[in-house]
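Chains V and U supply the protein sequences, listed in that same order.
1 is the number of the first residue of the first sequence in this note's numbering; add one for each residue after it.
287 is the number of the first residue of the second sequence in this note's numbering; add one for each residue after it.
Possibly wrong hints are sitting among the right ones.
Said to hold, decoys possible - Between beta-carbon pairs, the in silico distance windows are:
(1) U:E357 - V:D58: 13 to 23 angstroms
(2) U:E329 - V:Q104: 48 to 58 angstroms
(3) V:Q111 - U:H390: 15 to 25 angstroms
(4) U:S398 - V:A140: 26 to 36 angstroms
(5) V:A140 - U:H390: 15 to 25 angstroms
(6) V:H20 - U:Q339: 34 to 44 angstroms
(7) V:V126 - U:E329: 41 to 51 angstroms
(8) V:H20 - U:P306: 26 to 36 angstroms
(9) V:D58 - U:A310: 36 to 46 angstroms
(10) V:L114 - U:D311: 19 to 29 angstroms
No lab work stands behind these hints, which were simulated from the structure alone.
Predicted model, so just to flag it, every value in this text is computed and none were measured.
Every residue, glycine too, gets a C-beta built ideally from N, C-alpha and C.
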Amino acid sequence: MTRTTLLLLLGATLSAGCAHLTSTDRLDEARVAYEKAQQGPAAASSPADLATAKKFLDVAEKGLETGDPRLVDDRATIAILKIQAAEALGRTHELAAERDRTLQALAATRQQLLDEAQQKLALTRVELEKEKVARDAAEARLGEARAVLARETEIRDLSEGTVITLPGGQLFHQGRADLLPSGRDRLSRVADFLKSASRSARVQAQPPSKGSRKAALALSGKRAERVRDFLVGEGVTARQIIAEPPTRTPTRTFPDSPEYAANGAVDIVLEPARARTGGATSPGRP
Amino acid sequence: MRRWAAGALVAFGCACAGAPPLPADRLAQAEAEVRAAQEIGAERAPQAKVHLQAARDTITNARETNTDDPEGAARKLEIARAQAELANALAREQLARTEAEQAHARLDALRSGPDVLAPEPTRNAGGTAR
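Let's have the full structure, built from the sequences with the hints guiding it.
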């Protein structure tokens, strides 16, 4: 062995003994993870946690001085875990902020919908109150008109409605269909009642029981038309009232009197009041 | 003769002493962190569950290797603690995600069909990141 070879071997041995550990794969991985975390939500939302993770990375870097790769790897592993935890906490902060924003929007939307619903409710209450006042006034007018009518006319509340019966003699000469002046006055008050009621009505002329049946039916038909036309002329709307053709058998019974037998009668039937759906109470009569 | 006997006793004592026990404080910290992760529901979050189990395994491994490598075992306890902390953070993230999704769902439901009388939900995670 030459002297030169001995010197080379000695040099190689010395350099191997002083070899310096510069990094490990795990430490490289930790460095990359930290670089990546600096660009993510952890930097903005959990900087303190990321700074703590950096301290652990520094400790791992310092481990290189020991020359022990296992120690460096263990410390790098801890640094990686700390970095990942900081990232998770950063995402958590962002999610919590997002949740809070959504809950605020939810509360605002709920309040807005509640306000709108309350406004609608208030408007509806006002409308209902107006309707109730108008209905009460109409019922009061109807009651007054009925009271006036009841002084001179028979009014009955039957299942088919309110029936106003006028003896034929109060409206017509016997065997005629022209209205008497006094009959017009009575019918004017009937018209006032019908207008107050604002419900559908029909005119039925009951034929006299005496005399020719055929002629009596024809006369009754004319009388019903005449009465209906007069009521329309007095302001009852044409759609509200119709004249019904007479039937061969009386639709309802009449008092057993010669007047009815000789000159028949006219019934004006006002349909029953509909049941209310609102909060107002029914007076119990049409 | 006396010197020889004393030396033999010391040598025998050293041979019987074995490895030192795991550092009690590090073991306690790691185990406490594992318990904290369990309590917050890490078992129910898939990612958190993985790290929680890893922490348990690492503690077991530290106990097993303590005799041969006490320094390495002590470092393993620190790794276990960090693993449990990560499990804890991931579990909290999952909670926050669920709450954010639920809040979005409630807002969408309100906008599509308002139920203004429904009660407000109670919060769980509440920005509880540590």
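Now the hints, each set against the structure:
1. For the pair E357 (chain U) and D58 (chain V), the beta carbons lie near 20 angstroms from each other, so the given range of 13 to 23 angstroms is met.
2. A hinted range of 48 to 58 angstroms is violated for the C-beta pair E329 (chain U) and Q104 (chain V), which are about 32 angstroms apart.
3. Between Q111 (chain V) and H390 (chain U) the beta carbons are some 18 angstroms apart, a value that agrees with the proposed interval 15 to 25 angstroms.
4. A hinted range of 26 to 36 angstroms is violated for the C-beta pair S398 (chain U) and A140 (chain V), which are about 48 angstroms apart.
5. Between A140 (chain V) and H390 (chain U) the C-beta distance comes to about 57 angstroms, which lies outside the given range of 15 to 25 angstroms.
6. The given range of 34 to 44 angstroms is respected by H20 (chain V) and Q339 (chain U), whose C-beta atoms sit roughly 38 angstroms from each other.
7. Checked against the given bound of 41 to 51 angstroms, the beta carbons of V126 (chain V) and E329 (chain U), roughly 59 angstroms apart, lie outside it.
8. Take H20 (chain V) and P306 (chain U): their Cβ atoms lie about 31 angstroms apart, and the range 26 to 36 angstroms holds.
9. A hinted range of 36 to 46 angstroms for the beta carbons of D58 (chain V) and A310 (chain U) is inconsistent with their spacing of about 27 angstroms.
10. Remark: the range hint 19 to 29 angstroms for L114 (chain V) to D311 (chain U) is contradicted by a beta-carbon distance near 56 angstroms.
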